[in-house]
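Starting from the known structure of chain A, fit chain B onto it as the hints suggest.
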Amino acid sequence: MRRQIPLAITFIGGVVMIIQYFIPHQISQEIYRGVLDWQMIVGGFVLVLGIGSLVTHHTEKVKRQKEGWGYSLVALLGLVMMAIAGLFFGGMASDKPFMQIFIYAQNPIQATMFSLLAFFIASAAYRAFRARSFIATLLLLAAIIVMIGRVPIGAKIWSPIRVISNWLLDYPNMVAKRAIGLGVGLGMLSTALKIILGIERSYLGGGK
Amino acid sequence: MSTDIGVWIAAFLTLGILSFLYKDNPFYKVSESIFIGVSAAYWFVYMIYNVIEPNLLGNLQKGEWWYAVAGILGVMMLFRLIPKIGWLSRWAVAFMIGTGAGLNFIVYLQSNVMKQIRGTLAPLNSIGNIMMIVGVITGLIYFFFSAEHKGLLGGAAKVGIWFIMVSFGASFGYTVMARISLLIGRMHFLFSDWLGLLH
Chain A
1 MRRQIPLAIT FIGGVVMIIQ YFIPHQISQE IYRGVLDWQM IVGGFVLVLG IGSLVTHHTE
61 KVKRQKEGWG YSLVALLGLV MMAIAGLFFG GMASDKPFMQ IFIYAQNPIQ ATMFSLLAFF
121 IASAAYRAFR ARSFIATLLL LAAIIVMIGR VPIGAKIWSP IRVISNWLLD YPNMVAKRAI
181 GLGVGLGMLS TALKIILGIE RSYLGGGK
Chain B
209 MSTDIGVWIA AFLTLGILSF LYKDNPFYKV SESIFIGVSA AYWFVYMIYN VIEPNLLGNL
269 QKGEWWYAVA GILGVMMLFR LIPKIGWLSR WAVAFMIGTG AGLNFIVYLQ SNVMKQIRGT
329 LAPLNSIGNI MMIVGVITGL IYFFFSAEHK GLLGGAAKVG IWFIMVSFGA SFGYTVMARI
389 SLLIGRMHFL FSDWLGLLH
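Chains as they are written, first to last, in this note's numbering: chain A, 1 to 208; chain B, 209 to 407.
Just chain A, same shape as in the assembly:
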């Protein structure tokens, strides 16, 4: 019972969503829209689950004063302050505390974290680009041409580089992306079918 009902829900949900596509009727359109709404709502609760788990983890660390508990306290304070600002001090309006924290704290940290990758990707590039074989050389050449071709100085050094860079992106790059996309698509189809038919059940987790 604990497994049969979820399997039935999966089967019915999957089959209904496939069938509705082939029936261009108002009712099927409403079912489609309704399911998308329901998914968003349930997905919202999943977020609550995730935040609950984050809070539990950091609260435990603070309670037991484990190594680095001070950072956990900072994370919890940040969470509580941001949530209070959003829920009780004017919501998401741009001039209210919530968005001010977003603009002056969250946004700069996020952008800087991603920009840090420029340094790490450079060291990764050094390791990856030590052209030891023909295919590594291909990778190296493609990356260099794209990098130089995307900046104005590239065209100043050698004017055809921009054309070559665009061609590289439009053809060899597109070709490989298409092959990978086709593989992913076929994989997704078979996985979706396995889930709907109850062959793939790992999402139910362990236990009874």
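Worth flagging that the hints you see were computed from the coordinates, not collected in a lab. Every value quoted in this text rests on a predicted model; they were computed, and no experiment measured them. Careful, some of the hints might be misleading.
[Claimed, not checked] Here are some chain B residues pointing at chain A (derived, C-beta under 8 Å): (1) Val253; (2) Tyr257; (3) Gly381.
[To be verified] Facing chain B, from chain A, some residues (calculated, C-beta under 10 Å): (4) Pro6; (5) Val16; (6) Tyr32; (7) Val80; (8) Ala85; (9) Ile135; (10) Ala136; (11) Trp158; (12) Trp167; (13) Ala192.
Positions of the beta carbon are idealized from the N, C-alpha and C atoms, including for glycine.
Same frame as chain A, now just chain B:
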């Protein structure tokens, strides 16, 4: 130099994250912890205002009572936190997985399979089109592991990996450029908005 307290906080946090380039240090860890807490709360509040309020409460207020089922499924998801009745959360997971699989079946069939095949099947009247057919077929052969890559199949797989490596190189180059433009943005913030050295 800026007199805006917000800009000073942003500069402090930016330098905190950049300090990781030296080594992992408390300044970085504090900035990182702030980010974890603040971003979790951001998405929580965003979800309340943009999902729960309009999609659940808004529809219930309009008298569309069947949205209560979605709310119940959402609450059932939280049962995962209570081991005794944790199995009930499977109903909500099953709904998400089942409908998601049905939706994705159609989406991937259309976008990743049908459209890609249609885009590939072009007349062989240009180098680009010939490359398209050869590249896609050999690329797919490279990912075909049911037979050993030997002989003709091995040769085709080798051509396939050439295309794939060029694509990876192009993607890598693109990513590097995107990250560098972000870094330029942060440096511009520090030297212009905060220190006022650039105009």
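For each hint, the structure was consulted:
no., hint, verdict
1, Val253, "3 Å, holds"
2, Tyr257, "6 Å, holds"
3, Gly381, "3 Å, holds"
4, Pro6, "4 Å, holds"
5, Val16, "7 Å, holds"
6, Tyr32, "8 Å, holds"
7, Val80, "7 Å, holds"
8, Ala85, "8 Å, holds"
9, Ile135, "5 Å, holds"
10, Ala136, "8 Å, holds"
11, Trp158, "16 Å, violated"
12, Trp167, "8 Å, holds"
13, Ala192, "4 Å, holds"
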